[in-house]
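Given the coordinates of chain A, work out where chain B should sit on it, guided by the hints.
2 protein chains.
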Amino acid sequence: MPKRVYFFGGGKAEGRADQKLLLGGKGAGLAEMTNIGLPVPPGFTVTIDSCADYWALGKRYPAGFEKEVLQNLKKLESTTGKKLGDANDPLLVSVRSGAARSMPGMMETILNLGLNDKSVEGLAVRTQNPRFAYDSYRRFIQMYSTTAMGLSKEPMEEMLHEMKHKRGVKNDTDLSAEDWKELCGEFKKFYQEKKGEPFPQDPIQQLWGAIAAVFNCWEAEKAVTYRRVEKITDLKGTAVNICTMVFGNKGDNSGTGVCFTRDPNSGENTFYGDCLINAQGEDVVAGIRTPMRLIELETKLPKAYKQLCDVRKILEKHYKDMQDLEFTIEDEKLYMLQCRTGKRSPQAAFRIAVEMVKEKLISKEEAVGRIGSAEIEGLFYPVIDHKIGKDVLKQRLIATGIDAVPGAAAGEVVFSAAKAEELAAKGTRVILVRKETSPEDVGGMHAAQGILTQTGGKTSHAAVVARGWGKCCIVGCEALSIDYSKGTLTTGGHTLKQGDFVTLNGTTGEVFLGELPLVKPELPESYQTLMSWADGIRRLKVRTNADTPYDSEKAVQMGAEGIGLCRTEHMFFDTEERRLAIQEMIVANTLEARKRALEKLLPFQREDFIGIFKAMDGKPVTIRLIDPPLHEFTPKDDAGVERLSKATGFPPDLIKSRCEQLHEANPMLGHRGCRLCITFPEILEMQVRAIIEAAVACQKKGIKALPEIMHPLVLDKRELKILETQTRKVADAIIAKAGVKLSYMVGTMIEIPRAALMAHEIAEVAEFFSFGTNDLTQMTMGLSRDDAGRFLPEYVDEKKAAIFKADPFQSLDTSGVGQLVKLGIERGRGTRNKLKIGICGEHGGEAKSVKFCHAVGMDYVSCSPYRVPIARLAAAQAVVEEKQAAKAKPAKKAPKAKKAAKKKK
Amino acid sequence: MPKRVYFFGGGKAEGRADQKLLLGGKGAGLAEMTNIGLPVPPGFTVTIDSCADYWALGKRYPAGFEKEVLQNLKKLESTTGKKLGDANDPLLVSVRSGAARSMPGMMETILNLGLNDKSVEGLAVRTQNPRFAYDSYRRFIQMYSTTAMGLSKEPMEEMLHEMKHKRGVKNDTDLSAEDWKELCGEFKKFYQEKKGEPFPQDPIQQLWGAIAAVFNCWEAEKAVTYRRVEKITDLKGTAVNICTMVFGNKGDNSGTGVCFTRDPNSGENTFYGDCLINAQGEDVVAGIRTPMRLIELETKLPKAYKQLCDVRKILEKHYKDMQDLEFTIEDEKLYMLQCRTGKRSPQAAFRIAVEMVKEKLISKEEAVGRIGSAEIEGLFYPVIDHKIGKDVLKQRLIATGIDAVPGAAAGEVVFSAAKAEELAAKGTRVILVRKETSPEDVGGMHAAQGILTQTGGKTSHAAVVARGWGKCCIVGCEALSIDYSKGTLTTGGHTLKQGDFVTLNGTTGEVFLGELPLVKPELPESYQTLMSWADGIRRLKVRTNADTPYDSEKAVQMGAEGIGLCRTEHMFFDTEERRLAIQEMIVANTLEARKRALEKLLPFQREDFIGIFKAMDGKPVTIRLIDPPLHEFTPKDDAGVERLSKATGFPPDLIKSRCEQLHEANPMLGHRGCRLCITFPEILEMQVRAIIEAAVACQKKGIKALPEIMHPLVLDKRELKILETQTRKVADAIIAKAGVKLSYMVGTMIEIPRAALMAHEIAEVAEFFSFGTNDLTQMTMGLSRDDAGRFLPEYVDEKKAAIFKADPFQSLDTSGVGQLVKLGIERGRGTRNKLKIGICGEHGGEAKSVKFCHAVGMDYVSCSPYRVPIARLAAAQAVVEEKQAAKAKPAKKAPKAKKAAKKKK
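As they're listed, the protein sequences go chains A and B.
Take 1 as the starting number for the first sequence in the working numbering and just add one per residue.
Take 1 as the starting number for the second sequence in the working numbering and just add one per residue.
For reference, chain A alone in the conformation it holds in the complex:
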């Protein structure tokens, strides 16, 4: 039979800090604080497993459970020398929930348990404070009735209000002992009316009622919702902490507070918190009275403040992290009620981590391990001013979509890219609202403050492009109904037209009516320090996905060590002139006409590449040749057809019929990628020419260029061989003619399952592999990222199908798609052991996926510029975690053991 109750008190606890999964965060903290000699009121913790068993048994206590609880109660009574329900000097306890992780506001607390009509009198005599005793009793009745017995809160709050009104007073503290006593009577009467039985007087009955209440609230709707929203799937239940009551509301020598061992906003190493004199813990949180700053305690209760400062030091030294504390002072004596790692702002996270290293509390590795992706994102993206209250936000919320790119943006609604460009040029801040975006919209997307689309997922066109710029973007906002012809956007009863303001929160996917104030974060000094440590630790290189000189520069600032993916097709949309040239190439119906159009594109691409090589200054640049199906480039409306007709002389009918011909049933699996260059070798020729001529021009000016020419969507060695031969033919001729030294590489994307399976053959030709895990995920899982919005959320939803733990387009499906990645690497390196291998899918900027890339031995990851720091950090964390795992299993080699385990599965 498992041990179900863990006692703490008298300077010793049965539990430990590392037993959070068994005792909950609060229980483990209380045990640990007891063990290190801090003043914790004695008590005991009922394990999380007991709660899980209770639910598994259909809301019954497991065998032996009740006996064990009562034994521990006995022990508590003997430790405190008091008895629960004693008429003279009763032991009072608090009953609190506590899961393994903090779930704020989710669980209720019951205080002062053990009071009844008799013991309240004993407490009054013993404390010589009847007012305090009856105030405590009425609080208990209130909490027990609502939390344990499910009565609604309002009636009793109303009675209290009525009493104050009757007495003509304003504050609770102005009520007398008699008032409280009278209120206790009213509350009990109300309880009897509602429940059909008197308020329980037996303290043991009260205790069981409270324990059951805590267990039950684990499956209460709001708890379930919270876990769903927060994607908490690994918790089994909550612990119950039964703790001797101490009273901050015993008078002016008493008080209570909540504090952090450092400033959680700035990270500064100062003691930070709020406290109240003559109050119980809940009063601070409830905000009924305005608390005073912690520092004021130094003058008000200097003895207790000193104790608290000592505790602060001990705890930081012990836990080696900033702590969030709850304390109560009873008659100038300090009691610690809770201790947990404190939440902090992104800025504070960096500062605390770095300063703790300088204070020699933690190692650089530990510091690097403490920063998460969200904290990095929090440093770079603007947010809605925190001063805006939750009520305002709630009231302004008009729709929620998929949080594609974090940060916030506000501006006027526009419905076309052209309008966005036009207004932005005049200095207007706009939000571009589209059903979906296409490459044609890129100009307008760039001009907008933020982007909002009705369809698409996190790897849709809008999301990928916006991410590259770190621009706030919400996609898949299905609640929107957009009517381009009327120029309106309807959602939840609101109809917006151009000029109306909205604010987007890309971090949450929320769309708000009106223009909310935004705050742009500042980069703390500690950021650079910590990132340099990460860079020193990691093995993986971090490159960026960038398509323009501007993005490339930005990425270098973010720490990129090269370009892992330069998408050449984005260049075709930069200006009307370029757009028309690519469209002309597409509608051309003879080789000659196509070549003429390509000749127009050549100088544009060459100039862009020169800019990129300059920006990267000797760092490698992987350039992917044209990838999307041609119909993505064609004009989408009559005006576009008209413009193209005018520019090219092709009749509109011909253009339309050519565009129609290009329509595909499944473009993702259609005529795209290197297949275009197999059928139209002249496209390859133009692009290779532009790359190599640019590189040659740079080399001549003394700027080192390292082009890596990449063929997308390859599925067979013979296919790549054709492309490689042609690539080298064009490139070598230019280099030879220019008479400069220039080395370049030719490689391939691995993004079709067959390419991974045939990697041993493909590596005979390819000098490098870049895993395109977006497409690889689509094909390996049979999921179209553009359409998966209809069912994938259900697949990921823990309360629905729960088939996947995370969206596989965000976090790599390591068990399925990951097999092909591993296989591709093993087979590729089997043929060419120095094969350079990277990833350029969206996963390259997601921490968990980056760690996988490290584990399978890639050389680099590549991601959008704003995700580069996330990747740098995750790459470092991968090394740290690998070391930890190796330490944990010193007998075996870690990677081998991992392999074996997987095979066994």
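Do not take every clue at face value.
One copy or any two copies: either way a pair holds, since identical chains are not told apart in the list.
Straight-line alpha carbon distances no greater than 30 Å define the calculated DSS-like cross-link-like pairs of lysine-lysine that follow [unchecked claim]:
{"#": "1", "residue 1": "Lys822", "residue 2": "Lys805"}
{"#": "2", "residue 1": "Lys822", "residue 2": "Lys721"}
{"#": "3", "residue 1": "Lys721", "residue 2": "Lys799"}
{"#": "4", "residue 1": "Lys343", "residue 2": "Lys222"}
{"#": "5", "residue 1": "Lys189", "residue 2": "Lys390"}
{"#": "6", "residue 1": "Lys721", "residue 2": "Lys800"}
{"#": "7", "residue 1": "Lys390", "residue 2": "Lys358"}
{"#": "8", "residue 1": "Lys656", "residue 2": "Lys636"}
{"#": "9", "residue 1": "Lys737", "residue 2": "Lys390"}
The hints are simulated quantities; they were obtained by calculation from the structure and are not laboratory data.
Frame of chain A, contents of chain B only:
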């Protein structure tokens, strides 16, 4: 240095019958006939490798080659006792090409080489037949000038014509020696004019010219085209056969002929052929004179005929197959000039194979091994009457598409399924012409004689559905321009409208103008015999893909042992009533409305399943739950919307907007397959209910039902677990309530790459796997079968990219996709060793793929009814070939050795 020339003559040859790859078919045949004592004029064969080397060396002879040829010429001269070019009794030779496989009409022949102005006189004296001598000389000059030296044929033909006109005669035979001599002079003069040098008189120079001519014609345009069309990629070049001339044109004791050792049309065991008295071989083929039947030779030249009959017996016994022979009789003496395995009609192939077993010439295994897929298809599908001349066909040809389903069909052009149904009901034969077909068109497709579409490939909707019925179908006919609104079809200058006739040849993909006469083949008795032998040999079971009771019955007749794939969604299109019900289900926007619509569908499905179970009578029936995305079912035009609105009461706008909502960017990877049942469990419930209720009803009537319920598009164990649980819940409740005994299985398609990778987990839930290799190919190779027509032909084309040997949608890509199939089987069986495994993609009816399925250990293949015999035969051939391979490598176990070899790769 390799031996480059192989001598034959004097009863002994250096080559053998099994050296076709070195000596060509003709050379190997001549050598073999010499060795077994048949009368072959002596000569020698220049190897194919010499031709390949000649091309590799840039049209130069390899070292030592010339010397070896001249040595063999010497040997020939000493064997025959004559000398090339001798003025008195010259040795004359023929020079013929001969590749490893027959390439009819591809290569030219030069006869009578060795004649010049002097030796022709010697020949005239020696034969006492100047007319013969000069006729021979003029033939040589003609052939050498055109074949070896590239002059055009017409001018000399014209001179001959002119000569006959001048002499007032009709036939060549009416010309005198003097006439021929005069003509020789004219020809030589013409040669000198054109070539600027006299006609070569040196016989050795003539010989080299002829050898070079044969080598050169290997890369001539028509040879290259032929190899491309016939998909011949494994031949390296042609051999050259230099053979002593014998003369069938020496007088009435001489003659020549072509014959088969059995009747190539019926397969009857009679001597069959044509011959001509006093003629040379080419005269028979050229058709200038009408040949007589072989049997007439018995009276005309009885001695020679008897020799020929002896040869026939010896050769059939020696080669154990029907032979195609060329012979010449010179002065009543028989000479054999060629011997090769004879081509035969499908009917003859079966009869010859079966009768040779009865004659104990070959074993049953050998008989089974001799029949190909094309021969089986030739037994079942109508063809265009062979009496229609090639010229007519050429003239009538208006377009060529992809040969989706073999056979021929003729009828009036119609452009809509509705019209097809309407006209067919009146007894009109129609050809349904569509840009593409959708499930809505199924009724019209069934009513039509044949189907012609502008887009799509061999696994497009039209192809798959038509194949199920064995109905002639041509797809991807890109040359067509169809205008539905005008009701016209334009191609190559012809504009057809409804009522115009076309004839389709689905075997070749050709579309002809007008109604050509068709011939329906009859099934020979030997078919059943041979197929029963195949059934006795094979290990693989053969099932069918069938969706209706009618198809199921048909398939059982074709030998199906169960249904491997019953597509439930096809049932939804059978009648307007069903169509409206499924559409109602789709547009329903509440669960209740959806359930109401499903209730309407239930009885239809149940009835169909009852019919199918009856037809299969105890054989297993694998039923796939709904698979296509819902938008495939929605009305495609306003009339359809109107009808649906009328039937359901939903306003047209709502229907349209719902249909629009269902639009997907990549439906193949979208909301389809089991994903529909995850989001709409009520669909699963209805379908399982229909299946199980039907099975229960059958069991009650004493008809054994063996349903295997199959979930499509599964990608994860958890997903299948949800579906399996629900399936069993619904099924078990019905079975329990009915109180009958009924066992059923629950399994899954393996058609997403991830499913194959996770097969070890999925097999924990699935009782059977069915590989859906259509989708698996699409996803593993990143190829949309609907769009691949734009580039895949180029990928398969030997003269273009040559990336794949065959269209991977027709013949399984064993090296890539096959890896996932193998892996899926190994992992699946690793978890559940009795896991039942089959294939239900189109590959299940393609011989090479069936053999792969055998090799990787599947339990069965499933294919459309008309392909069942192909699969039965291929499955038997797989066993035979496996045995042969095992015999060939007796030391090692064949399968293991294969594995090791693959790994090494």
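Verification of the supplied hints:
no. : hint            : result
1   : Lys822 / Lys805 : both (21 Å within a copy, 28 Å between copies)
2   : Lys822 / Lys721 : both (23 Å within a copy, 27 Å between copies)
3   : Lys721 / Lys799 : between (49 Å within a copy, 15 Å between copies)
4   : Lys343 / Lys222 : within (22 Å within a copy, 80 Å between copies)
5   : Lys189 / Lys390 : neither (36 Å within a copy, 107 Å between copies)
6   : Lys721 / Lys800 : between (47 Å within a copy, 13 Å between copies)
7   : Lys390 / Lys358 : neither (38 Å within a copy, 93 Å between copies)
8   : Lys656 / Lys636 : both (10 Å within a copy, 22 Å between copies)
9   : Lys737 / Lys390 : neither (67 Å within a copy, 55 Å between copies)
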